[in-house]
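Put together the whole structure using the sequences plus the hints.
Chain by chain, the residues run as shown.
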Amino acid sequence: MARAVTSQRKAINTIFAWSIGLLIFFPILWTILTSFKTEAQAINDPPIFFFFDWTLENYAVVQERSDYLKFLWNSIIIAGGSTLLGILIGVPAAWSMAFVPSRRTKDILLWMLSTKMLPAVGVLYPIYLLFIEMGLLDSRFGLVIVLMLINLPIIIWMLYTYFKEIPVDILEAARMDGASLRNEIMYVLTPMAIPGIASTMLLNFILAWNEAFWTLNLTAAKAAPLTAFIASYSSPEGLFFAKLSAASTMAIAPILILGWFSQKQLVRGLTFGAVK
Amino acid sequence: MGRIVLDQVSKSFGKTEVIPPLDLTIEDGEFTVFVGPSGCGKSTLLRLIAGLEDVSGGKVSIDGKEMTEVPPAKRGLSMVFQSYALYPHMSVRKNIAFPLRMAKMDKAEIKKRVEDAATVLNLTDYLSRRPGQLSGGQRQRVAIGRAIVREPSAFLFDEPLSNLDAALRVGMRLEISEMHKRLATTMIYVTHDQVEAMTMADKIVVLQAGVIEQVGSPLELYRAPRNTFVAGFIGSPKMNLLTGEEAAKHDAHTIGIRPEHITISNESGTWEGVVGVSEHLGSDSFFHVKCDGFEDPLTVRAGGELQLSYGAKVFLTPDTAHLHRFNDQGLRIE
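Listed in order, the protein sequences are those of chains A and B.
Heads up: the first sequence at position 88 corresponds to 116 in this note's numbering, and the numbers run straight through without jumps.
Heads up: the second sequence at position 155 corresponds to 238 in this note's numbering, and the numbers run straight through without jumps.
These are computed hints drawn from the structure, not numbers from a lab.
Possibly wrong hints are sitting among the right ones.
[Claimed, not checked] Cβ-to-Cβ under 8 angstroms is the rule here; a few derived chain A residues that face chain B:
#1 P195
#2 D197
#3 I198
#4 E200
#5 A201
#6 R203
#7 M204
#8 D205
#9 G206
#10 A207
#11 S208
#12 N211
#13 V216
#14 P219
#15 M220
We treat Cβ as the ideally placed atom computed from N, Cα and C, and that holds for glycine.
The following block contains the structure:
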């Protein structure tokens with residue numbers, strides 16, 4: 029009897045979980061579906077789900093009108109560059125906070141996180157001016173720097189949590205074995221932290237890829253990544269939902285695929301330390 | 084060479100003084116054991132010598148060279164940790180080779196040394212495994228292998244056997260002692276287990292609350308404990324300590340008598356008592372006897388053949404030649 033109740037509950041839980049999952053995924057699904065409709069069907073009322081005339085016309089138009097690959101390349105450079113740079117700065121920073129903490133370490137961590145609480149638009153003006161001054165406007169390098177800075181608190185926090193899990197004994201053993209600080213980080217700490225570093229990089233890459241506020245405001249034609257590519261289809265001369273959807277699908281496809289293949293790593297990374 | 088001298092070395096964590104200034108000399112080639120109850124500062128003292136903690140005051144010198152400010156990597160010491168602290172991502176071979184690689188030794192020499200160490204420690208078959216695939220005893224051996232390959236001026240052991248089961252511990256104890264005889268290198272060994280201290284040490288340093296209570300050879304400590312703390316700490320089972328009237332008879336505040344220095348009899352003796360718990364080890368038997376007028380039961384050692392039932396009436400006679408006397412500060416009276 030007790031078993032029956034359990035399996036019933038299990039079924040309810042499963043349905044519940046799937047509904048929530050579907051709810052979250054629905055906008056993406058809708059976008060993908062819409063990208064295969066004609067403009068008329070896209071704004072049809074009531075909305076059409078599956079039974080429309082599937083067409084690739086939107087993709088053809090989008091590809092014709094703008095150079096998708098250029099945007100893609102910019103996205104890869106900006107997301108990849110800011111991630112690598114962030115890790116390069118984040119690893120030593122997190123190392124020192126995790127293994128040689130001072131009285132202020134906790135405060136610094138919180139302070140870093142607090143910068144994420146500030147609305148980005150609050151610093152748009154000064155950063156914009158700085159960009160003009162330094163000639164960084166519409167340059168990939170400038171965006172790499174800005175996105176790295178934006179995500180650095182998250183990188184350091186995540187790495188800090190991973191490093192905390194590594195037994196200090198092992199690092200002390202390395203020190204006793206004659207390893208310099210550089211060798212200790214290179215040969216002992218980093219290899220042990222690889223899973224943590226990998227999931228940090230992955231998450232950061234996704235965050236940087238999807239970042240729209242800064243990429244839209246600081247780029248024009250030259251350095252514009254895929255976010256700007258999408259935005260260019262929500263034009264003031266009228267909304268073209270189907271084409272916008274096609275552009276969006278093309279923009280999110282790479283990151284969706286990347287996320288799909290690395291979901292195991294990502295989940296492990298995000299729950300690391302919770303269960304052990 | 085590995086003569087280690089601590090000169091007025093002290094350590095405080097914030098405002099708490101863990102180790103008040105102390106002096107200690109460890110001679111070259113000596114097997115020194117730091118022993119004491121948990122929290123007595125023995126591990127901290129070891130870490131100060133290793134350089135893993137900075138001293139709050141005083142000087143540490145190794146082979147006449149002042150090392151107080153020298154980082155652990157440059158002190159020429161090897162350490163074996165309680166948790167073994169092996170590198171989980173490296174094979175046994177790479178673990179053992181790591182200190183040599185850090186010393187930028189050439190590849191052929193590294194290979195030779197690692198294989199020699201593996202032969203000595205019976206690890207040859209496991210060289211390509213990861214630490215996670217080894218048993219506790221094997222991990223311990225790898226940790227020791229990693230310590231011996233680079234021929235340090237001294238070995239530091241931080242409770243290396245406490246994670247092993249009892250049978251393995253006895254075996255490893257012998258192996259470490261044998262290794263010391265063979266290498267004749269200075270070893271400092273931290274333990275809370277006085278049996279390990281007694282069996283392995285050339286010199287025992289008994290610590291309590293960061294203070295050295297006594298330094299001496301195992302038998303010196305056993306035969307002439309300097310105070311009641313050492314008297315109670317060294318020896319198993321513990322020395323019987325008596326205060327009050329009995330002690331006053333011997334002009335002392337406290338008297339101590341070891342279990343083996345009391346004879347037990349059914350007929351007559353100095354003290355009369357009732358047998359409580361008996362522990363039969365086969366070779367010896369220990370009886371806990373409650374005597375009238377004494378607060379705690381006395382522990383008495385007898386031959387393995389003696390059988391006494393719970394509650395039996397017995398007489399005890401202490402061997403006064405082996406009586407230890409202590410004054411009201413707990414210090415030994417000669």
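Structure-based check of all given hints:
1. The closest approach between the C-beta of A:P195 and any C-beta of chain B is roughly 6 angstroms, which is under the 8 angstroms cut-off, so the hint is satisfied.
2. A cut of 8 angstroms between beta carbons decides the hint on A:D197: the least distance to chain B is about 4 angstroms, and the hint holds.
3. At its closest, the beta carbon of A:I198 sits 5 angstroms from a beta carbon of chain B; the interface hint therefore holds under the 8 angstroms criterion.
4. About 5 angstroms separates the beta-carbon of A:E200 from the nearest beta-carbon of chain B, less than 8 angstroms, and the hint is met.
5. Hint on A:A201 holds. Least Cβ distance to chain B is approximately 4 angstroms, under the 8 angstroms limit.
6. Interface hint status for A:R203: upheld, as the beta-carbon distance to the closest one in chain B is roughly 5 angstroms, under 8 angstroms.
7. At its closest, the beta carbon of A:M204 sits 4 angstroms from a beta carbon of chain B; the interface hint therefore holds under the 8 angstroms criterion.
8. This hint holds: A:D205 has a C-beta 4 angstroms from the nearest C-beta of chain B, less than the 8 angstroms allowed.
9. Here the hint on A:G206 is kept, as its CB sits about 4 angstroms from the closest CB of chain B, short of 8 angstroms.
10. Given hint, A:A207 at the interface with chain B, holds; its Cβ is 5 angstroms from that chain's nearest Cβ, closer than 8 angstroms.
11. Checking A:S208 against chain B by beta carbon gives a least distance of about 6 angstroms; that is within 8 angstroms, so the hint holds.
12. Contact between A:N211 and chain B, as hinted, is supported at the beta carbon level, the nearest pair being about 6 angstroms apart and thus within 8 angstroms.
13. Nearest Cβ of chain B to the Cβ of A:V216: about 6 angstroms, under the 8 angstroms cut. The hint holds.
14. Of the supplied interface hints, the one on A:P219 holds, with its beta-carbon coming within about 4 angstroms of a beta-carbon of chain B, less than 8 angstroms.
15. About 6 angstroms separates the beta-carbon of A:M220 from the nearest beta-carbon of chain B, less than 8 angstroms, and the hint is met.
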